[in-house]
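Sequences listed follow chains A and B, in order.
Residue numbering for the first sequence follows our numbering, beginning at 1 and increasing consecutively.
Residue numbering for the second sequence follows our numbering, beginning at 1 and increasing consecutively.
Simulated from the structure, these hints should not be mistaken for laboratory data.
These numbers were taken from a predicted model, which means no experiment stands behind them.
Careful: at least some of the hints might be erroneous.
Claimed, not checked - Derived lysine-lysine pairs resembling DSS-like cross-links, with alpha carbons at most 30 Å apart:
no., chain 1, residue 1, chain 2, residue 2
1, A, K259, B, K49
2, A, K97, A, K111
3, A, K275, B, K49
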Amino acid sequence: MDYSTQSEFRHRKLQPKVRMRGTPMDSSEPSLLFDDTSTGGQPSGHGRQDKAPLGYAGQTLLSDPMSNLAMAYGSSLASQGKEMVDKNLDRFIPISKLKYYFAVDTVYVGKKLGLLVFPYMHENWEVSYQQDTPVAPRFDINAPDLYIPAMGFITYILVAGLALGTQNRFSPEILGMQASSALVWLIIEVLATLLSLYLVTVNTDLTTIDLVAFAGYKYVGMIIGVLAGLLFGKMGYYLTLLWCCASIFVFMIRTLRLKILSEAAAEGVLVRGAKNQLRMYLTMAIAAAQPVFMYWLTFHLVR
Amino acid sequence: MAFTLYSLIQTAILCTNAIAVLHEERFLSKIGWGADQGIGGFGDEPGIKAQLLNLIRSVRTVMRVPLIIVNSVCIVLLLLFG
């Protein structure tokens with residue numbers, strides 16, 4: 001019993017002390033300076049006085065078999081849990097493939113944002129390959145990435161909260177509603193695109209994650225539109241949204257044309273045939289859906 | 001216009017149910033969408049109608065048992081929690 005009280009006092013004392021020990025050990029201080037505020041109450045004061053000199057050395061935490069056992073058990077449990085989560089997660093979400101989409105750097109992000117807003121001067125839209133695998137986005141500006149869509153989504157939620165706040169319509173639940181609403185529309189859009197790609201039997205190397213990335217690029221335009229609407233009123237919102245809609249439209253068409261259409265048609269040669277025409281319509285439909293969603297998701301934020 | 005993930009799940013279940021209940025002989029064959037009417041030419045291009053029919057048939061085959069389970073769960077939950 002004496003032993004258990006001893007260890008419990010040591011636990012209570014040592015937890016806050018480990019936190020406070022950012023500074024080097026000036027253990028010349030009297031024990032009262034550290035012990036007073038953390039434990040409090042009379043019963044611990046009694047044991048505190050004679051345990052204080054021992055308590056300073058951090059090794060008492062490890063030499064105490066009970067806490068040693070607990071720590072070992074806890075760490076083994078944590079590593080087991082981590083293994084299990086990793087194994088199961090890898091089955092559903094391909095983590096290694098996701099890492100490719102986040103391999104970006106500042107230069108790429110800057111250039112890509114510029115391209116999303118002004119795609120009219122860019123000439124070469126082909127994704128460069130390196131021995132059959134697409135090059136990481138860091139090295140090729142045409143490669144899709146997931147960093148900009150993810151950041152854009154989160155920023156859109158925050159900007160929506162800001163816009164609603166300036167109109168006194170804000171409440172914390174609204175943020176959650178906006179987030180889930182936008183997410184649901186994104187999922188619907190990606191599913192509709194997947195369905196139409198399946199129906200038109202396009203032989204393309206567009207993966208689902210690519211489609212999520214392309215669908216997420218419109219958040220950039222939406223954010224710019226809403227911010228312009230906050231700063232300059234409805235006129236600013238409409239003008240900026242119009243500009244961003246047009247640039248997203250051109251961006252999507254030029255990017256998807258190379259992936260969906262056949263080689264010859266992508267180079268601008270007019271290839272007749274129902275198949276290519278259908279593919280062109282599909283590209284235009286996907287690109288035209290972007291401005292519609294951009295307006296649909298932002299018009300209620302700017303009054 | 002506030003969509004939640006829950007309403008998305010509801011929509012997905014309802015749509016999948018709707019596709020799965022299209023009966024092969026009683027309905028699809030009558031309107032020319034039967035399984036044998038989809039495989040038209042054996043060329044390289046299946047065409048949209050063939051793809052659609054293929055999709056309907058595969059949804060019916062693949063999702064039959066999961067839909068039974070999911071629908072039962074939904075019924076129980078809706079009865080319990082309204």
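Tested hints:
{"no.": "1", "hint": "A:K259 / B:K49", "result": "23 Å, holds"}
{"no.": "2", "hint": "A:K97 / A:K111", "result": "23 Å, holds"}
{"no.": "3", "hint": "A:K275 / B:K49", "result": "14 Å, holds"}
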